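Work out the full structure: start from the sequences and follow the hints.
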Amino acid sequence: MPVTSIGKYEFEPLDKVENFHGNQLTYINWEKHLLFCAPVCLPLPPEMLFSTFIKETMPGVYGKHPDFEKINWDEVTWTLDQVDFIPDMAASLKENGLGHKSLLRFWTPGLNGIEGSHS
Amino acid sequence: MAEKRKKKLGIKQRYSMLTRGLSWETTYQDMDKVFPYDKFEGIHIHDWEAWEDPFRLTMDAYWKFQSEKEKKLYAVIDSFAQNNGHLGITDARYVNAIKLFLTGISPAEYQAARGFTHVGRQFRGVGPRVACQMQAIDELRHAQTQIHSMSHYNKYFDGLHSGPYMHDRVWYLSVPKSFFDDARTAGPFEFLTSISFAFEYVLTNLLFVPFMSGAAFNGDMATVTFGFSAQSDEARHMTLGLAVIKFMLEQDERNIPIVQRWMDKWFWRGTRLLTLVAMMMDYMLPKRVMSWREAWDIYFTEAGGALFKDLERYGIRPPKYADIATKEAEHLSHQAWHIFYNYTHAAAFHTWVPEKEELDWLSEKYPNTFDKYYRPRLEYLDKEEKAGRRFYNDTLPMLCQVCQIPMGYTEMDDPTTISFQSSEYKGDKYHTCSLGCKDIFDYEPEKYVQAWLPVHQIYQGNCGGPEIEDVLKWYNFNLGADNLDYSGSPDQKLWNEWQAHRKKA
Chain C
38 MPVTSIGKYE
48 FEPLDKVENF
58 HGNQLTYINW
68 EKHLLFCAPV
78 CLPLPPEMLF
88 STFIKETMPG
98 VYGKHPDFEK
108 INWDEVTWTL
118 DQVDFIPDMA
128 ASLKENGLGH
138 KSLLRFWTPG
148 LNGIEGSHS
Chain W
354 MAEKRKKKLG
364 IKQRYSMLTR
374 GLSWETTYQD
384 MDKVFPYDKF
394 EGIHIHDWEA
404 WEDPFRLTMD
414 AYWKFQSEKE
424 KKLYAVIDSF
434 AQNNGHLGIT
444 DARYVNAIKL
454 FLTGISPAEY
464 QAARGFTHVG
474 RQFRGVGPRV
484 ACQMQAIDEL
494 RHAQTQIHSM
504 SHYNKYFDGL
514 HSGPYMHDRV
524 WYLSVPKSFF
534 DDARTAGPFE
544 FLTSISFAFE
554 YVLTNLLFVP
564 FMSGAAFNGD
574 MATVTFGFSA
584 QSDEARHMTL
594 GLAVIKFMLE
604 QDERNIPIVQ
614 RWMDKWFWRG
624 TRLLTLVAMM
634 MDYMLPKRVM
644 SWREAWDIYF
654 TEAGGALFKD
664 LERYGIRPPK
674 YADIATKEAE
684 HLSHQAWHIF
694 YNYTHAAAFH
704 TWVPEKEELD
714 WLSEKYPNTF
724 DKYYRPRLEY
734 LDKEEKAGRR
744 FYNDTLPMLC
754 QVCQIPMGYT
764 EMDDPTTISF
774 QSSEYKGDKY
784 HTCSLGCKDI
794 FDYEPEKYVQ
804 AWLPVHQIYQ
814 GNCGGPEIED
824 VLKWYNFNLG
834 ADNLDYSGSP
844 DQKLWNEWQA
854 HRKKA
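Taken in order, these protein sequences are the chains called C and W.
Position one of the first sequence corresponds to residue 38 (my numbering), numbered consecutively onward.
Position one of the second sequence corresponds to residue 354 (my numbering), numbered consecutively onward.
Quick caveat, the hints were computed from the structure, so don't treat them as lab data.
Bear in mind the structure is a predicted one, so any value in this text is a computation, not a measurement.
Where a beta carbon is used, it is the ideal one built from N, C-alpha and C, also for glycine.
Careful, some of the hints might be misleading.
[Said to hold, decoys possible] Residues on chain W that point at chain C, a partial pick, calculated with CB under 7 Å:
no., residue
1, M751
2, E850
3, H854
[To be verified] Quick list of simulated restraints, FRET-style, between CB atoms:
no., chain 1, residue 1, chain 2, residue 2, range
4, C, G147, W, L847, 20 to 28 Å
5, W, R607, C, E55, 54 to 62 Å
6, C, K101, W, Y778, 33 to 41 Å
7, W, K709, C, Y46, 52 to 60 Å
8, C, E93, W, R742, 36 to 44 Å
9, C, G44, W, Y745, 43 to 51 Å
10, W, R742, C, P146, 22 to 30 Å
11, C, P146, W, D724, 23 to 31 Å
12, C, L51, W, K417, 16 to 24 Å
13, C, E106, W, G814, 42 to 50 Å
14, C, P82, W, K709, 27 to 35 Å
15, W, G818, C, E47, 45 to 53 Å
16, W, V387, C, V120, 34 to 42 Å
17, W, R607, C, T89, 42 to 50 Å
Below, the structure written as structure tokens:
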């Protein structure tokens, strides 16, 4: 039973992909870097290349952290929707399997945040 | 000859005539048509007359009682204003707690008034109907008296000018708003379980005691007096909360699992909402009352523990995930303050890094967590701010589909890893911050797929425009005054001028 109601109760979800003007929502989290209090949410074009995402999107999101410039992107490990994932830099977000409201988490080995506090 | 006057009615008789005597069984129309909402939730009631009202309050007595309290309250509010009471508070940072209360809690009182007005019509039993009608008036009175008590601050401080308007729009105010929307759109029995029981009975002490003692400790007599004026109402509300639970449990054993599920749901939603209070207690009161951890131990673990022991005989167990909530009491306020510190450029109150003695207080109150996880971060933020690089998070956060709070909660067995839960419904993904919120989503997905999540609404273009500045204008913020760090704010400037003037005098 999807809801307790007095009658038929079916409505359009508010966040269907069609409502985002050609973009899809992507959630991103830099693990063990809680200076950023929560994962972020961005509307991104599904055709964007993964390499462009790294080069152009990521610095705007996480560039303020002193660890950011130390990231070696070849060593970064990823999960996509909670499953281990190796991105293909030359392929688009969509071709990499990112869908609407996908969750992308990444770990940067050796970088432990402000004074090792995971912040 | 005048007829001999009849003897006055006794209290019991009077109560019976002025409440139970006002109802009747309908004959032209089926009772189910007149009261269409009190069965669909699956609650079985066999005898509505079994409803006990421990206060036996009638409307005429209610008016008399309330007007007495009102006279006292408004006398104090007047004298507070005439004596420039705002000059007597501990520090202007305190007013930020008032801002949060006025935009987050007072409109929720009004929401509660709407909810109780609705269910005060919908029960076929007259006992609960009358109790709900009185509470509806109480809640309206609370919204009104809170606005009157706190409006004095609006003359001097920023961020207090558009409470109800902001409540409908601003991202963090969607947290209390969605809580009450969820309750009001449920059936009448779930509404009472959510607001009267989980909120007013189990959790209210965690809201009211900290706020009102916080006000007393920090020289805010207007708010303290409001608190006293509301206290006897709250006692009545708590009693209604327990009465409705016992009524449902005693009427039919098929009600037990339904009531249990509602308790689980609304306990969890309530603790999520109280995150805002936790942060107020630990970070926003210049003179602190007690830590959130201490308040949780006293009011939930001890008092709540006794309550659930009492309910055991009905087959009710303590709320699911209460153990997780208790572990979270070590982290909640720090994580919440950090969320607001990240996004103060988009909030209608100020944040700041606590001063050194305040950090020491937090270290002492949270020996297991504060120095390890939170203090280094705050000291770093302080250093950055003093170097002219006050940190703000430039990207909008991911929100929980149910509680709508940015996903800043962490795993309790690994407190530096964010807690992620997700579900699929009709081909779309939905993310939640905890098992508690995930359970709520999974039981009624059709309800929560309609959640008005502020971040997603901004990206859809429904909040004033694409730039953050457009959105803040749409929130009716005065940019540069209502938002940003306390340091450098007009509030701080004015306060410092007053203090300098006082020294000279």
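Each hint tested on the structure:
1. M751: With a closest approach of 4 Å, the M751 of chain W hint holds.
2. E850: violated (33 Å)
3. H854: violated (38 Å)
4. C:G147 x W:L847: 20 to 28 Å: For G147 of chain C and L847 of chain W the Cβ distance comes to about 48 Å; the hint is violated.
5. W:R607 x C:E55: 54 to 62 Å: Violated, since R607 of chain W and E55 of chain C (Cβ atoms, about 42 Å apart) do not stay within the stated range.
6. C:K101 x W:Y778: 33 to 41 Å: Since the Cβ atoms of K101 of chain C and Y778 of chain W sit about 36 Å apart, the hinted range of 33 to 41 Å holds.
7. W:K709 x C:Y46: 52 to 60 Å: For Y46 of chain C against K709 of chain W, whose Cβ atoms are near 55 Å apart, the range 52 to 60 Å holds.
8. C:E93 x W:R742: 36 to 44 Å: With a Cβ separation near 23 Å, E93 of chain C and R742 of chain W fall outside 36 to 44 Å, so the hint is violated.
9. C:G44 x W:Y745: 43 to 51 Å: holds (47 Å)
10. W:R742 x C:P146: 22 to 30 Å: holds (27 Å)
11. C:P146 x W:D724: 23 to 31 Å: holds (25 Å)
12. C:L51 x W:K417: 16 to 24 Å: violated (47 Å)
13. C:E106 x W:G814: 42 to 50 Å: violated (34 Å)
14. C:P82 x W:K709: 27 to 35 Å: Given a distance of about 47 Å, which is not inside 27 to 35 Å, the answer is violated.
15. W:G818 x C:E47: 45 to 53 Å: violated (32 Å)
16. W:V387 x C:V120: 34 to 42 Å: violated (54 Å)
17. W:R607 x C:T89: 42 to 50 Å: With Cβ atoms ~58 Å apart, the hint is violated.
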